[in-house]
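Trainee: Starting from the given sequences, assemble the full structure and let the hints guide the process.
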Amino acid sequence: MSSDSLSGLLGRPVQMRTGGGAKAFLRKVWAVAAKDIRAELRAKEVASTMIVFGLLAVIIFGLAFDLRVPKSAMVVPGILWVIVLFAGILGLHRSFGAEIDRETLPGLLLAPVEPSAIYFGKLASNLLYLFLLEFCMLPLLLVMFDTNLYHPVILLGLFLGTLGYAEVGTFFAALTANTRARESMLPVLLLPVMVPVFMAGVSLTAGILDGRPVSGLTSWLVILAVFDVIFFVAAYWIVDLIWDGI
Amino acid sequence: MTTTSLRRKADPWYMPLLTLDVLAGLAMIVAVWAGLLYAKEAANLAGDEQIAQRIFYFHMGCNITATIGFLISVIGSIGYLVRRSLVWDRIAQAGVEVGTIFGFGIMTTGAIWAKPTWNTYWTWDPRLTTATITILIYLAYMLFRNGMDNRHTRARFASIYALFAFISVPFTYYSARIFRSIHPVVFDGANAEAQGGDIVGGVGATMGQTLGITITCFIILFLALFFHRWRQLNLESRIEDLREELYQ
Numbered sequence: 001m002s003s004d005s006l007s008g009l010l011g012r013p014v015q016m017r018t019g020g021g022a023k024a025f026l027r028k029v030w031a032v033a034a035k036d037i038r039a040e041l042r043a044k045e046v047a048s049t050m051i052v053f054g055l056l057a058v059i060i061f062g063l064a065f066d067l068r069v070p071k072s073a074m075v076v077p078g079i080l081w082v083i084v085l086f087a088g089i090l091g092l093h094r095s096f097g098a099e100i101d102r103e104t105l106p107g108l109l110l111a112p113v114e115p116s117a118i119y120f121g122k123l124a125s126n127l128l129y130l131f132l133l134e135f136c137m138l139p140l141l142l143v144m145f146d147t148n149l150y151h152p153v154i155l156l157g158l159f160l161g162t163l164g165y166a167e168v169g170t171f172f173a174a175l176t177a178n179t180r181a182r183e184s185m186l187p188v189l190l191l192p193v194m195v196p197v198f199m200a201g202v203s204l205t206a207g208i209l210d211g212r213p214v215s216g217l218t219s220w221l222v223i224l225a226v227f228d229v230i231f232f233v234a235a236y237w238i239v240d241l242i243w244d245g246i
Numbered sequence: 001m002t003t004t005s006l007r008r009k010a011d012p013w014y015m016p017l018l019t020l021d022v023l024a025g026l027a028m029i030v031a032v033w034a035g036l037l038y039a040k041e042a043a044n045l046a047g048d049e050q051i052a053q054r055i056f057y058f059h060m061g062c063n064i065t066a067t068i069g070f071l072i073s074v075i076g077s078i079g080y081l082v083r084r085s086l087v088w089d090r091i092a093q094a095g096v097e098v099g100t101i102f103g104f105g106i107m108t109t110g111a112i113w114a115k116p117t118w119n120t121y122w123t124w125d126p127r128l129t130t131a132t133i134t135i136l137i138y139l140a141y142m143l144f145r146n147g148m149d150n151r152h153t154r155a156r157f158a159s160i161y162a163l164f165a166f167i168s169v170p171f172t173y174y175s176a177r178i179f180r181s182i183h184p185v186v187f188d189g190a191n192a193e194a195q196g197g198d199i200v201g202g203v204g205a206t207m208g209q210t211l212g213i214t215i216t217c218f219i220i221l222f223l224a225l226f227f228h229r230w231r232q233l234n235l236e237s238r239i240e241d242l243r244e245e246l247y248q
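Quick mapping for you: the protein sequence lines, in order, are chains A and B. Counting from 1, one number per residue, gives the positions in the first sequence under this note's numbering. Counting from 1, one number per residue, gives the positions in the second sequence under this note's numbering.
Calculated directly from the structure, the hints in this document are not laboratory data. Just to be clear, a hint being listed does not mean it is correct.
Said to hold, decoys possible - Derived CB-CB ranges, DEER-like:
#1 A:L67 to B:Y121: 26 to 34 angstroms
#2 B:I78 to A:F135: 35 to 43 angstroms
#3 A:G62 to B:K40: 41 to 49 angstroms
#4 B:A111 to A:L63: 45 to 53 angstroms
#5 B:R177 to A:P106: 43 to 51 angstroms
#6 B:L26 to A:L63: 41 to 49 angstroms
#7 B:L246 to A:D240: 28 to 36 angstroms
#8 B:I239 to A:I100: 27 to 35 angstroms
#9 B:Q248 to A:V233: 53 to 61 angstroms
#10 A:S184 to B:A111: 25 to 33 angstroms
#11 B:L143 to A:G62: 27 to 35 angstroms
Stated by the list, open to error - To spell it out: a stretch of chain A is covered by chain B in this simulated footprint if at least three of its residues, at any positions, have a beta carbon under 8 angstroms from a beta carbon of chain B; those stretches are:
#12 39-52
#13 115-126
#14 176-187
#15 211-225
As the structure is a prediction and not an experimental result, all values here were calculated from the model. Cβ coordinates follow ideal geometry from the N, Cα and C atoms, glycine included.
Mentor: Structure (structure tokens):
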């Protein structure tokens with residue numbers, strides 16, 4: 001079949017839909033995210049694994065620290081953030097790993113959208129899974145450790161920290177997707193870069209639980225927010241370079 | 001024809017590198033002499049601390065060279081992303097590898113020094129935290145490179161990772177600094193020295209000279225190691241080129 005008859009068969013030739021302003025970009029991001037969420041609703045392999053792992057980890061930590069620490073509020077901030085980081089790894093590496101396994105990544109990259117739209121779509125779905133995980137974890141932490149984490153500042157810190165984590169995590173998941181041993185490579189790359197988010201998150205949570213005034217803890221919120229903004233911009237600029245050879 | 005002259009013919013870098021090696025060896029002897037014998041004793045210290053403070057010259061030497069190595073790697077990474085030439089990538093890789101060796105030097109000398117002065121091998125001081133995390137990041141960088149076969153993909157991904165990692169280092173430093181200012185330092189006497197104020201302010205003449213000498217010596221050592229590794233990577237890359245040509 002000649003190329004002329006082929007394009008005749010397909011109608012008008014496919015064009016990169018790169019114009020259209022912010023609204024069109026958001027629509028493309030949503031298209032990628034909706035595809036991921038739909039696949040997840042049918043397969044139930046990423047978010048469910050993360051959530052079950054998270055709940056399991058809370059129980060394991062409960063067993064580990066029960067009767068060993070004088071006040072459970074002393075260890076809960078660390079437990080919360082460690083579980084978010086570790087359970088997050090499970091979901092993050094699947095976000096591009098699943099595309100590689102099913103050999104659908106080239107198809108996704110052939111879609112007539114900017115690579116950054118694919119990145120932000122994946123970021124949106126990963127964020128959703130992480131928020132779901134936290135939504136399920138907080139009540140169990142309350143029951144297991146008798147520590148109430150439903151404080152607006154803790155929740156804000158959790159939101160900002162999760163956003164930064166998902167930004168960098170989705171980016172590194174895209175980087176490691178094509179490497180050997182990507183499951184073990186992702187945490188090795190990701191965890192040292194996440195140290196500032198981890199330190200800020202733990203300190204903020206601990207500060208609130210210790211009853212310190214919020215005014216003394218705003219610097220942690222600032223660090224989390226600046227981290228989010230800088231890595232958001234950096235990812236937007238650099239993400240095109242990941243796939244330019246494929 | 002002897003093997004030496006054969007080598008010299010094949011590689012124009014042979015003699016300069018040999019000279020640099022000899023210089024680096026001499027420089028290390030000079031550094032040990034200056035640090036242990038030439039520098040006078042610190043006026044405000046006694047006993048174990050007095051002997052232990054002499055490790056500072058080697059600690060600082062490692063510190064400067066590791067920083068140079070990591071800066072070279074960032075420049076190399078940006079250079080690769082802009083020019084897309086593997087020459088830059090090899091510079092970045094050599095910088096990271098040699099910088100990491102000196103990074104372990106910082107950790108080892110620091111821990112040995114910290115035990116008599118701070119009464120602990122380890123504390124989560126901002127500098128210690130940042131140095132540790134930076135070294136972990138560059139260890140991850142080396143592992144990451146191992147996981148990719150295509151040279152251009154490897155160079156591109158490694159450069160992107162190096163850039164991202166470089167952005168996060170100041171965040172680690174600032175969070176660690178706030179972390180310490182909220183939590184009081186547990187061990188007595190750690191505070192003033194942890195900030196490094198008295199070291200910069202209170203050095204005598206011989207101590208300042210010794211510091212200059214040892215830093216210069218360590219930079220010579222760094223250059224020798226860096227050029228060796230860089231040349232090795234160039235040769236490796238040439239072998240790879242020839243192999244690709246052969247199989248095409």
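Trainee: Next, verify each hint and record whether it holds.
Mentor: Tested hints:
1. With their beta carbons about 30 angstroms apart, A:L67 and B:Y121 fall inside the hinted range of 26 to 34 angstroms.
2. As the Cβ distance of B:I78 to A:F135 is approximately 41 angstroms, the hint placing it in 35 to 43 angstroms holds.
3. At about 58 angstroms, the beta-carbon gap between A:G62 and B:K40 misses the expected band of 41 to 49 angstroms.
4. At roughly 34 angstroms, the beta carbons of B:A111 and A:L63 sit outside the given window of 45 to 53 angstroms.
5. Range check, B:R177 to A:P106: about 45 angstroms between beta-carbon atoms, so the 43 to 51 angstroms window is met.
6. Our hint of 41 to 49 angstroms for B:L26 and A:L63 is violated, since their Cβ atoms are close to 60 angstroms apart.
7. As the Cβ distance of B:L246 to A:D240 is approximately 34 angstroms, the hint placing it in 28 to 36 angstroms holds.
8. Taking the beta carbon of each, B:I239 and A:I100 are about 30 angstroms apart, inside 27 to 35 angstroms as hinted.
9. Under the hint 53 to 61 angstroms, the C-beta atoms of B:Q248 and A:V233, about 42 angstroms apart, miss the expected range.
10. As the Cβ distance of A:S184 to B:A111 is approximately 28 angstroms, the hint placing it in 25 to 33 angstroms holds.
11. For B:L143 paired with A:G62, a C-beta distance near 33 angstroms keeps the hint of 27 to 35 angstroms intact.
12. With 0 residues having a Cβ less than 8 angstroms from any Cβ of chain B, the stretch 39-52 of chain A misses the three-residue criterion, and the hint is violated.
13. Taking a C-beta to C-beta cut-off of 8 angstroms, the stretch 115-126 of chain A contributes 0 residues in contact with chain B, too few for the three needed, and the coverage statement is violated.
14. Closer than 8 angstroms: that is the beta-carbon criterion, and the stretch 176-187 of chain A has 7 residues meeting it against chain B, so the requirement of 3 holds.
15. For the stretch 211-225 of chain A, the stated coverage by chain B holds: 4 residues have a C-beta nearer than 8 angstroms to a C-beta of that chain, and at least 3 were required.
Consistency note: the structure conflicts with the earlier hints numbered 3, 4, 6, 9, 12, 13.
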